[in-house]
Every structure is written in structure tokens, then in C-alpha cells.
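First to last, the sequence lines map onto chains A and B.
For the first sequence, our numbering gives the first residue as 50, with consecutive numbering after it.
For the second sequence, our numbering gives the first residue as 468, with consecutive numbering after it.
Some hints here could point you the wrong way.
[As the list claims (entries may be wrong)] The calculated BS3-like cross-link candidates involving lysine-lysine, where the alpha carbons are at most 30 Å apart (straight line), are:
id, chain 1, residue 1, chain 2, residue 2
1, A, K287, B, K506
2, A, K448, A, K287
3, A, K172, A, K265
4, B, K548, A, K123
5, A, K435, B, K506
6, B, K506, A, K315
7, A, K448, B, K544
[Unchecked claim] Just the calculated beta-carbon pair ranges, DEER-fashion:
id, chain 1, residue 1, chain 2, residue 2, range
8, A, R445, B, K548, 48 to 58 Å
9, B, I475, A, V459, 49 to 59 Å
10, A, F467, B, S581, 50 to 60 Å
11, A, A436, B, V556, 41 to 51 Å
12, A, S268, B, P507, 31 to 41 Å
13, B, W553, A, R445, 36 to 46 Å
14, A, P426, B, K548, 33 to 43 Å
Quick caveat, the hints were computed from the structure, so don't treat them as lab data.
Just so you know, these numbers come straight off a predicted model, no measurement behind them.
We put the CB at the ideal spot given by N, CA and C, even for glycine.
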Amino acid sequence: MIVGSIAMISAILLAFLRVPLAFSLLAVSVAGIGFAINWNIAFQLLPLTISDAVLSYDLAVVPMFILMGNVISKTGIAHDLFRAAYAFVGHVRGGLALSTMVACSGFSAVCGSSYATAATMAKVAYPSMKKYNYSDELAAGTIAAGGTLGILIPPSIIMVVYGILTQTNIGDLFIAGVIPGLLGLALYMIAIRVVAARNPEHAPQGELTAWPDRLKALSGIWPFVLLFGLIIGGLYAKLFTPTEAAGMGAGLAILIATFHGRLTWKVLRTVIIDTAYTSVSLYTVLFGALMLSKLLTLSGLAAGVLALVQSTGLEGYALIFAIMLVFLVLGCVMDSMAIILIFVPLFAPIVVSQGFDLVWFGIIVIVVTEIALVTPPVGMNVFVLKAVLPDVPVVRIFKGLVPFIAVDVVRLALLVAFPAITLWLGTTVG
Amino acid sequence: MQSLAWKIRRGVETVMALFLLAMVALTFADVIGRRIVGKPIYGANDITEHLMALVVFAGLPLVTAAGAHLTIDLLDKLVGKPWMAWWRVLISTLVTVVLAVIAWLFVKHGLNASRISEVSQALRVPRGPLYFFMAASCALSALAALAVAFTGPMVDPEDTHEEEAL
């Protein structure tokens with residue numbers, strides 16, 4: 050217990066002092082198990098844990114979903130989604146922002162990354178909003194908030210990581226993310242409407258699109274319909290496992306991109322190498338996190354924290370509330386992936402001991418993570434956006450995000466109060 | 468020396484890309500074979516697992532050399548100060564030591580696997596050589612981490628790596 054606590058604290062300290070997260074976790078976990086149990090076990094567990102993880106078929110979902118998102122973003126799918134959404138809602142007040150939001154959620158459904166969603170949509174939607182004199186606050190806020198849907202609407206890389214760490218079925222997590230994701234979209238659209246009604250000069254109307262043009266714009270999104278139908282439909286109907294869905298998705302994305310004539314071998318090579326780099330760094334931190342969770346169990350820290358929580362008399366929703374608060378505070382200073390990797394293994398046993406569902410808790414954790422992505426001082430999405438739009442001051446982006454963060458909190462409350470929102474869809478699966 | 472390092476890196480990148488592409492093609496073909504034609508590819512899961520291991524451990528030295536490991540950069544301003552140089556050297560040393568230890572443990576793991584003839588589930592591929600490959604990759608990564616301590620990361624000016632995992 051004492052060794053475990055010291056180890057946990059030093060892992061976090063080292064990570065903050067810029068030791069790559071994977072190596073701070075690996076070093077501290079091995080040393081911690083060495084001191085708490087014995088060095089022989091520590092040295093045996095390390096290669097076993099790493100080879101088990103790297104030779105896991107379930108985990109192979111990671112590179113293939115990342116590849117799918119990276120390839121499909123090269124086909125201009127974000128443009129097509131935006132154009133189709135604009136054709137239908139562009140003419141209402143705040144229409145461009147609403148279209149951006151719809152396109153963000155559509156893009157999220159074929160891409161598992163919140164950064165990629167925000168970066169891609171910034172390039173696609175920001176110039177249009179600028180052209181129609183949208184305020185920077187609303188334009189950038191919409192894109193940064195819309196990007197967070199990327200990790201909630203399946204596929205989602207961070208859900209895969211959560212699933213691996215808690216041994217929760219990844220397919221179940223994906224299905225559970227659908228309705229909370231749509232709820233998020235609906236609430237974001239309400240937020241845009243409210244902002245547009247209060248400050249009409251922030252969000253001028255676009256042009257009305259005639260029906261024939263609407264249908265034409267709609268026909269441009271067939272790759273999206275195909276991919277989304279295949280992946281989510283296939284997962285929902287239990288036709289494929291998540292890894293199979295990812296392989297199908299990546300393969301189909303490559304075929305669609307080739308069909309569009311936008312994929313040369315050179316582009317494909319770059320995209321695949323990018324994907325591999327991201328996957329390798331993700332696998333490495335995952336090795337660290339898996340070792341850390343072994344340390345938590347072996348050193349008795351997990352049991353100790355559980356006993357400590359029980360002694361405080363915190364139970365049920367009060368406990369969930371306390372955990373969410375911890376995640377929100379951590380979200381202000383730490384990268385979201387790091388929070389999930391370090392703290393989910395610590396909190397998951399507590400949540401289970403209280404009889405809560407780990408799929409539901411996973412969605413809650415991800416929604417909290419989404420909020421962390423857009424809150425200062427380290428709202429990662431804001432910095433991704435800043436990199437794409439260097440002229441927009443960070444403060445204005447954060448200012449524009451306030452209404453979205455407000456509805457995020459509402460959504461979080463709804464999801465906590467009504468677990469059925471998250472779990473119902475899963476119960477209808479064959 | 469630098470240009471040789473880049474040539475090696477480009478070469479390994481291509482091999483890694485081919486492994487990943489093969490993995491996608493295999494899964495695609497396997498699912499179509501199983502769901503449509505009713506003929507799955509024997510041992511497809513097994514091959515995928517091996518390909519994944521090859522991708523990850525071909526990539527580990529590259530990611531280490533490129534300094535692309537996930538890092539919390541909240542206190543970058545502090546750690547980047549000139550008087551913190553000793554700390555940055557210490558970080559590289561720690562990374563090198565961790566990787567070297569993992570390399571050594573995988574050599575032992577590989578020897579052990581060869582001794583007990585550990586094989587994969589479906590295709591009965593011996594595990595020993597794979598563990599030795601992982602050991603070699605970790606050893607190379609340890610060297611890369613050490614080199615980065617002196618020369619700085621191999622950053623590709625053309626490459627932004629903006630597609631992150633989150």
C-alpha cells in the first residue's frame with residue numbers, strides 16, 4: 050500500500066517533468082512491484098504483459114481504426130458532409146455553425162480521434178464561417194466542441210483503451226456511445242441556436258438551398274453512409290467483432306479513396322506511416338498502463354483505496370460524483386489519454402464494488418474527458434485548433450467554448466441520472 | 468552519419484507500412500471470406516497478431532528516435548530552461564535504461580520460450596524468434612534514446628503528425 054502510493058505519486062511526478070509517459074509508468078511499475086513483492090516477479094511480469102498486449106487480437110483494432118480515419122479524411126469526406134449539412138440547415142440563423150456541428154458528428158462516426166476531427170473540420174468549416182462574418186468565438190468554439198464528439202461517437206480510440214484496461218467489451222462500449230453522442234450533438238445545436246438568438250451579429254444566416262441542390266449535396270455523402278452503415282451496423286448486428294469492423298473499415302476507406310482518385314501510393318504510404326507512429330506510441334503507453342494496473346493490484350493500493358473510500362462512507366452517486374470531480378480537476382492539467390491510462394485502473398474496481406456498470410462508467414469517463422479537452426489551461430482541442438488557425442487568439446476560443454461547456458455539464462448530469470440513455474441501445478442488440 | 472540514419476529510417480518505415488497494409492488486407496479478406504463465401508482464412512487472427520507485433524516493434528526505435536512518445540508538456544517552459552539540461556540528460560538516461568532492461572528481459576523470455584517450445588495457438592509458430600526480435604527492437608530503441616540525448620530528436624520537417632490518437 051505504501052510502496053504503491055509512492056509509486057503512483059512518482060509516476061505522475063515524473064510524467065509532469067517530461068519523462069515520456071510510457072517510460073515513467075514502466076519504470077515506476079517495475080520498481081514498485083520489485084519493492085512491494087520481489088524483483089523476480091517484476092522482471093517476469095514485464096515481458097509477459099508486453100507480449101500479451103502486443104499479441105492481442107482485440108488490440109489490433111487500434112491501428113486499423115486510426116488508419117480508417119486518416120485515409121477517409123483524405124477523400125474530402127469532411128467537405129462533403131459539411132456541404133450536405135449546409136444545404137439543409139445553412140439558411141437558418143447560425144446555420145453554418147449548425148452545419149459544422151452536424152459534419153463534426155458525421156466525421157466522428159468514421160474517425161476515432163477528437164484531434165483529427167477538430168483539425169479537419171477547422172480547415173473545412175472555418176473559412177466558410179469567416180466568409181459569412183461569423184464571430185471567431187462562435188466559429189472556433191463550435192469546431193473545438195464539435196471535435197470532442199470524435200471520442201464519443203464510435204469508433205473511438207480512447208474507448209478501445211478504456212475497454213482494454215477494464216476488460217470491458219469494446220463493441221458494447223461503441224454501441225453505448227451512439228445515443229450519448231447524438232444527445233451531445235442535439236445539445237450543442239441548442240447552444241448554437243441560443244448564442245445566435247442572443248447575439249445575431251455573431252451568426253448571420255447563410256443562403257437557402259433549393260431542393261434539387263439539396264439532393265445533389267446529399268448524394269455526395271455515400272462513402273460516409275457506406276462506412277458508417279458497415280461499421281456501426283455490423284457491430285450492432287453482431288456481424289463482426291470490433292477488430293473485424295476496423296479491418297473492413299480501413300480496407301473500405303482505402304477502396305473509396307482510390308475510387309475518388311485522391312489516393313496515390315505516396316499519399317497512402319505517408320498516411321500509413323503516420324498511423325503506425327501514432328499506434329506505436331499508443332501501444333507503448335498502454336504497456337506502461339497495464340504494468341501500472343498490475344502494480345496497483347499487487348501492492349495492495351487498489352484494495353487500500355477501496356477500503357479508504359468505504360471508510361469515508363461515500364456511496365452510490367455521491368461516489369460517482371466525487372470521481373467525476375477528480376477527473377475534471379485532472380482534466381485541467383493533464384492530457385486526457387494520460388488520465389484514462391493512469392486513473393481508470395485505480396477507480397474501476399471501486400465503481401464495480403458499488404454495483405455500477407463499467408460500460409456506463411466508461412461513457413461517463415469519456416464525456417468528462419471531452420470536457421477536459423476544451424477547458425483551460427490544457428484544452429488539447431483548443432491547441433489543435435490554434436495550430437490550424439494561428440490568427441485566432443486562444444482566449445477567444447475558450448470564450449466561445451463557454452456555452453458548449455455549459456451544455457456538456459447538462460449532458461453529463463443527464464447521463465449520470467439516467468443510465469438508460471447509455472445502456473438502452475445495447476439491450477436491443479440481437 | 469545523419470543521412471544514413473534517415474535512409475535506415477525511411478526503409479524501416481516502408482517495411483512497417485507494408486506490415487500494416489497486409490494486416491488490413493488480411494482482415495478484409497478474412498471477413499469477406501467468412502461472412503460471404505463461408506471460407507475463413509485459416510489462422511488469420513494468428514497472422515494479424517504477429518503482424519501487429521512486427522509493426523509495433525519495427526516502429527518502437529523510429530518513434531523513440533523521432534521523440535514521438537506521448538509526453539505531458541504542461542511544464543515544458545520549466546524543463547526547457549538551460550539550467551534544466553542535466554534533467555533532460557537524466558530523462559534520456561532513464562528511457563535508455565528502461566529500454567535496455569526490457570531488451571534484456573525479452574532475451575531471457577525468448578530463451579525460455581525456445582526451451583519450452585512455446586508456439587502460437589492456431590499456426591503453431593514458435594514464439595522464441597519473435598521475442599528475440601522484440602529484444603533487438605528494444606535494444607535498438609535504447610541506442611536511439613541515447614543518441615537523441617546528444618543530437619536531439621530526428622524531426623521530419625515535411626511530417627507534421629497532426630493526426631493524433633485521441
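Hint check:
For the given pair, K287/A sits about 19 Å from K506/B by alpha-carbon distance, which is consistent with the 30 Å threshold. Restraint check for K448/A and K287/A: the C-alpha separation of about 43 Å exceeds 30 Å, so the hint is violated. At most 30 Å may separate the alpha-carbon atoms for a hinted pair to count; K172/A and K265/A meet this at roughly 23 Å. The suggested pairing of K548/B with K123/A is violated, with an alpha-carbon distance near 39 Å, which exceeds 30 Å.
Using a Cα cut-off of 30 Å, the hinted pair K435/A and K506/B is violated, with the two alpha carbons roughly 50 Å apart. Among the hinted pairs, K506/B with K315/A is inconsistent with the structure: their alpha-carbon atoms are about 33 Å apart, more than 30 Å. A hinted pair counts as satisfied when its Cα atoms are at most 30 Å apart, and K448/A with K544/B qualifies at roughly 25 Å. Here the CB-CB span from R445/A to K548/B is close to 30 Å, at odds with the stated 48 to 58 Å.
With their beta carbons about 53 Å apart, I475/B and V459/A fall inside the hinted range of 49 to 59 Å. For the hinted restraint 50 to 60 Å between F467/A and S581/B, the CB-CB distance of approximately 55 Å keeps it satisfied. The hint said 41 to 51 Å for the Cβ distance between A436/A and V556/B, and at roughly 29 Å that hint is violated. For the hinted restraint 31 to 41 Å between S268/A and P507/B, the CB-CB distance of approximately 35 Å keeps it satisfied.
For W553/B and R445/A, the Cβ-Cβ distance of about 39 Å falls inside the hinted range of 36 to 46 Å, so the restraint holds. About 19 Å separates the C-beta atoms of P426/A and K548/B, a value inconsistent with the hinted range of 33 to 43 Å.
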